[in-house]
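2 protein chains.
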Amino acid sequence: MSFSPLIRQLIDALRTLPGVGQKTAQRMALQLLERDRSGGSRLALALTQAMDGVGHCRLCRTLTEDDLCPQCADVRRDDTLLCVVEGPMDVYAVEQTGYRGRYFVLKGHLSPLDGLGPEAIGIPQLMTRIAEQGTFAEVILATNPTVEGEATAHYIAQLLSNKGLIASRIAHGVPLGGELELVDGGTLAHSFSGRRPITL
Amino acid sequence: MSFSPLIRQLIDALRTLPGVGQKTAQRMALQLLERDRSGGSRLALALTQAMDGVGHCRLCRTLTEDDLCPQCADVRRDDTLLCVVEGPMDVYAVEQTGYRGRYFVLKGHLSPLDGLGPEAIGIPQLMTRIAEQGTFAEVILATNPTVEGEATAHYIAQLLSNKGLIASRIAHGVPLGGELELVDGGTLAHSFSGRRPITL
Ligand SMILES: [Zn+2]
Ligand SMILES: [Zn+2]
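Residue numbers (full-length UniProt numbering), protein chains in the order written: chain A, 1 to 200; chain B, 1 to 200.
For reference, chain A alone in the conformation it holds in the complex:
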């Protein structure tokens, strides 16, 4: 019972951040209060504006407060390439490789045991996006190199094959069982250049 109610409330709220335990939350709360109140207030405002204002891009479904995200709004990008990823963080990772085509952001991967089928992760919207755009010559499946990510890529490749589209899978320069967003940019760039058509 050594902290006052408002400080305890702040420590509890900071623990909702990923990777932040009790001790880290205490340090964060007290450091803001003792040394950076304006930083704490700025963070509060940024959180409120983001939580209230950020939705999803109309075309690629990534997080953005605008109708179109920066990648979809950029007219100079390559409209023949579409890269499919599992989440918004992966867009950031793939951008580091120098890729300058378009994106589609799934809501994770297929996970039948959790009841997450094609509809739950946005595969129908992906197919609609591809059909409406009409310019994609190749769809790069950059789901995570995990069992679920592979299965999701394979499922999408099958759907695309039925429509006569080329699907490619990023090369296994990325370590199996890892998360795409944790891979360094160089490795991911290699795995992009080494991508190959999916054989069904």
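It is worth saying that the hints were derived from the structure and are not from the lab.
Where is the CB? At the ideal position from N, CA and C, for every residue including glycine.
Be a bit skeptical, because a hint or two may be false.
As the list claims (entries may be wrong) - Partial list, computed: chain B residues near chain A (C-beta under 10 Å):
1) Leu6
2) Leu17
3) Gly40
4) Leu63
5) Glu95
6) Lys107
Guided by the hints, dock chain B with the ligands onto chain A, whose structure is given.
The following block gives chain B with the ligands in isolation, referenced to the frame of chain A:
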């Protein structure tokens, strides 16, 4: 340029938290946006209320939004013992040892090279607090076991000695050069029970 302005603003603001770099801030921002908007809004509110509402306890100078902190407001604590620490986090650490006397929280330690003398860290207020309370039989100097913390303890012990008060220093069970708040509770409890009068 892969995140929209509100998301970039949130990532930048999260980096003001201690120990949070660019990649961690990105994960935090996207995880809140994708999975826990209400948690993000709760954090914003907790930050605003704490940054605007938290001041300092009238008696011990620790952080609190009330006139008195929980430790000073508790009438069951021992009014013959005063523990002097360098910051609010140390109050939390000392509480874990089972100590149930009173506290005084300095603003850090003496640091002549940084121009931080006795006034800057609140030593005059400490002496006033001791004089006005009039019940303290022992003052436990629990500043950090660093060169600066030792010097600060020695300086205060000298002032107290001039007034005929007993000053004690927590035993060196705590590792030299470390930070009090990083010491585990057991070690700190040992160092409390092994405290001894300061010989000048
Ligand atoms: Zn978009
Ligand atoms: Zn107090």
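We went through each hint and held it up to the structure:
1. Leu6: holds (5 Å)
2. Leu17: At about 5 Å, which falls below the 10 Å cut-off, the nearest Cβ of chain A leaves the hint on leucine 17/B intact, so it holds.
3. Gly40: At about 4 Å, which falls below the 10 Å cut-off, the nearest Cβ of chain A leaves the hint on glycine 40/B intact, so it holds.
4. Leu63: Holds, about 5 Å.
5. Glu95: holds (4 Å)
6. Lys107: holds (8 Å)
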